[in-house]
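Please put together the full structure from these sequences, using the hints given.
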Amino acid sequence: MRRSKNNEKRATIAQAVLPVRAIIFRLSLIILIVISLALVIIGKIDTRVTEKIRTQITDTIIPVLSGLSSPAQAYRSIKVAIHNTIFVFQENENLRQENEQLDRLKSVAIELESENARLRKLLHYLPDKNVAFMTARVVGDAGGPYNRSVIINSGSENGIKNGLVVINSQGLVGRIYEVGDNSARILLITDINSRVPVMTEVSRERAVLTGNNNELPRLNHLPSDTQIKEGDKVVTSGDGEFFPAGITVGVVHTLNNKYVSVQPAVDWSRLEYITIADYGK
Amino acid sequence: MSDITGVKSFFINSGKLSLPAFLAIFLIIIGAVNIHIESFSSFVPLFVAMSVFYWGIYVPSLMPKWLVFVLGIFHDAVYGIPAIGLSSALLLIMWGLVVSQQRHLIKEPFFVIWVMFTLSISIYIFLYWLIYCLYIGNFIFPVSVILQLLVSVFLYPLIHKLFNSVHGTLLKDM
Numbered sequence: 001m002r003r004s005k006n007n008e009k010r011a012t013i014a015q016a017v018l019p020v021r022a023i024i025f026r027l028s029l030i031i032l033i034v035i036s037l038a039l040v041i042i043g044k045i046d047t048r049v050t051e052k053i054r055t056q057i058t059d060t061i062i063p064v065l066s067g068l069s070s071p072a073q074a075y076r077s078i079k080v081a082i083h084n085t086i087f088v089f090q091e092n093e094n095l096r097q098e099n100e101q102l103d104r105l106k107s108v109a110i111e112l113e114s115e116n117a118r119l120r121k122l123l124h125y126l127p128d129k130n131v132a133f134m135t136a137r138v139v140g141d142a143g144g145p146y147n148r149s150v151i152i153n154s155g156s157e158n159g160i161k162n163g164l165v166v167i168n169s170q171g172l173v174g175r176i177y178e179v180g181d182n183s184a185r186i187l188l189i190t191d192i193n194s195r196v197p198v199m200t201e202v203s204r205e206r207a208v209l210t211g212n213n214n215e216l217p218r219l220n221h222l223p224s225d226t227q228i229k230e231g232d233k234v235v236t237s238g239d240g241e242f243f244p245a246g247i248t249v250g251v252v253h254t255l256n257n258k259y260v261s262v263q264p265a266v267d268w269s270r271l272e273y274i275t276i277a278d279y280g281k
Numbered sequence: 001m002s003d004i005t006g007v008k009s010f011f012i013n014s015g016k017l018s019l020p021a022f023l024a025i026f027l028i029i030i031g032a033v034n035i036h037i038e039s040f041s042s043f044v045p046l047f048v049a050m051s052v053f054y055w056g057i058y059v060p061s062l063m064p065k066w067l068v069f070v071l072g073i074f075h076d077a078v079y080g081i082p083a084i085g086l087s088s089a090l091l092l093i094m095w096g097l098v099v100s101q102q103r104h105l106i107k108e109p110f111f112v113i114w115v116m117f118t119l120s121i122s123i124y125i126f127l128y129w130l131i132y133c134l135y136i137g138n139f140i141f142p143v144s145v146i147l148q149l150l151v152s153v154f155l156y157p158l159i160h161k162l163f164n165s166v167h168g169t170l171l172k173d174m
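Taken in order, these protein sequences are the chains called A and B.
The numbers in our numbering rise by one with no breaks, and the one at position 99 of the first sequence is 99.
The numbers in our numbering rise by one with no breaks, and the one at position 161 of the second sequence is 161.
In short, the hints are calculated from the structure, not lab data.
Where hints are given, some of them may not hold.
Now the in silico label distances, taken between C-beta atoms and shown as ranges [what the hints assert, rightly or not]:
#	chain 1	residue 1	chain 2	residue 2	range
1	B	F11	A	E157	30 to 38 Å
2	B	K16	A	A74	31 to 39 Å
3	A	H83	B	R103	54 to 62 Å
Sample of chain B residues lacking proximity to chain A, with all beta carbon distances greater than 12 Å (derived) [stated by the list, open to error]:
#	residue
4	F10
5	S14
6	Y58
7	V112
8	L162
We put the beta carbon where it would ideally sit given N, CA and C, even for glycine.
Here it is in C-alpha cells:
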C-alpha cells in the first residue's frame with residue numbers, strides 16, 4: 001500500500017518535471033546558440049579574442065596535420081622523382097641551354113652591379129636593411145569556400161611574425177596574418193581580404209591586386225588610359241611598404257571592359273615549402 | 001581484481017562514448033590536410049555537419065549540444081574562419097531540428113535520410129554563405145559554395161556507411 005503510494009508520488013513528480021526538463025533542454029540550446037552568435041559579434045569587434053582561439057587550436061593540431069600531410073608529400077616526391085627520371089635527357093638539354101643563357105646574363109649582371117654601386121655612391125643612397133629568410137613547410141590547406149589560407153609548421157618560436165612576406169621560387173604567395181607558438185597562417189594573394197600594391201613590369205602602371213577567393217585575382221585602380229596587355233608580367237610595386245618592390249606576382253590573364261585578372265605565378269597545388277622574408281619593416 | 005576490471009571497463013566505455021567526437025574531430029582535420037590538389041580546400045566536404053546529422057539521428061546521447069558547440073568552434077578555428085562561432089550556431093539549429101524529429105527519422109530508410117541530409121545541408125550552407133557575406137561586407141561568388149554542397153551530398157552515403165559500421169560494431173550496445 002505504502003509502496004504504491006510512493007510510486008504514485010514519483011510518477012506525479014516525474015510528470016511535473018517533464019515540461020521543466022523540456023524547457024531546460026530548449027533553453028540550453030538557445031543559450032548555446034546565443035553564445036555562438038555572441039562570439040561571431042565579438043570576433044567582428046575585437047579580432048584578438050577569436051585570433052587567440054584560432055591560434056591555440058591550430059598549435060594543438062599542428063603535429064597531427066604535419067603527420068597526415070607527410071604521406072601526400074611523399075607521394076608527390078615519388079611522382080616528381082619518376083617524372084625526372086623519365087625526362088632526364090630532355091631536362092639535361094634544357095639545363096645546358098639555360099646555363100649558356102645564364103652565363104651571358106651573368107656578365108651583364110656584374111657590369112650592372114658595379115654601375116649600380118657607383119651611382120648609389122654618387123647619390124649617397126641608404127641601403128635597405130638585410131633581409132632574413134626562413135623556410136617552412138605547408139601542412140594545412142585550410143580555407144574552404146570562404147577564405148584562401150594555408151597553415152605552416154613554424155610559428156613565433158621560429159621567429160615568424162605577423163605581416164611577414166611569404167614567397168616561393170615562383171613568386172609572391174601572400175603574407176603571414178596569424179601566428180601561434182609553432183604554427184602560422186598565411187593569407188594567400190587570392191583571398192578576398194588580400195590587397196597587394198602591384199605594377200606591370202614593363203609599362204610600370206600601378207594598380208592594386210585584389211583577391212576574390214578564386215584562382216584569378218583582379219587588378220583594381222588601374223589608370224583609365226591603361227596600356228596593359230594580356231601576358232604582361234605583374235610585380236609588387238612596393239607602395240605602402242608592406243610588400244617590397246619587384247617580387248613576381250603573375251601575368252595578366254584576362255583583359256576586358258569589366259575587369260583585368262591576373263594568373264598568379266605560384267602553382268597552388270605545388271605549394272609545399274615556402275620562404276618567409278623578414279625585411280625588417 | 002574487480003577494481004581493475006571496473007577501471008578497465010570505465011576506460012573502454014569512455015573511449016567508446018567519445019568515439020563520435022573523435023571521429024568528427026579527425027574528419028575536420030583530414031579536410032584541412034595539404035594534399036596538393038589545386039582548389040581542393042575550396043570545396044572540401046562538410047564532415048562536421050555530416051557527423052552532427054548522423055549521430056543526432058542515431059545516437060543523440062553521443063552528440064550532445066555542448067559537443068556540437070565545441071565542434072563548430074573547432075571547425076571554424078581549423079579553417080581560419082574569421083566569424084568564429086558561426087558554424088556552432090548553425091550546427092546547433094540543425095542539431096535541434098534533427099533531434100526534434102529523431103523518433104520519426106530513425107525509422108526511415110537510407111534514401112529518406114539522404115534526402116533529409118541534402119535539405120538540411122542546403123539550408124545550412126545557404127545561411128552560412130549569406131551571413132558570412134554580410135559579416136565581411138563582400139560578395140563571395142557562390143561557385144565553390146555550390147561545389148562544397150554537391151561534394152558533401154555525394155559523399156554523405158560513404159560517411160553514413162562509415163558511421164554505421166562504427167555504430168554497428170563498436171557502439172552496438174549504445
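Requested in this report: Identify every previously stated hint that the structure contradicts and give their numbers, smallest first.
Outcome: none
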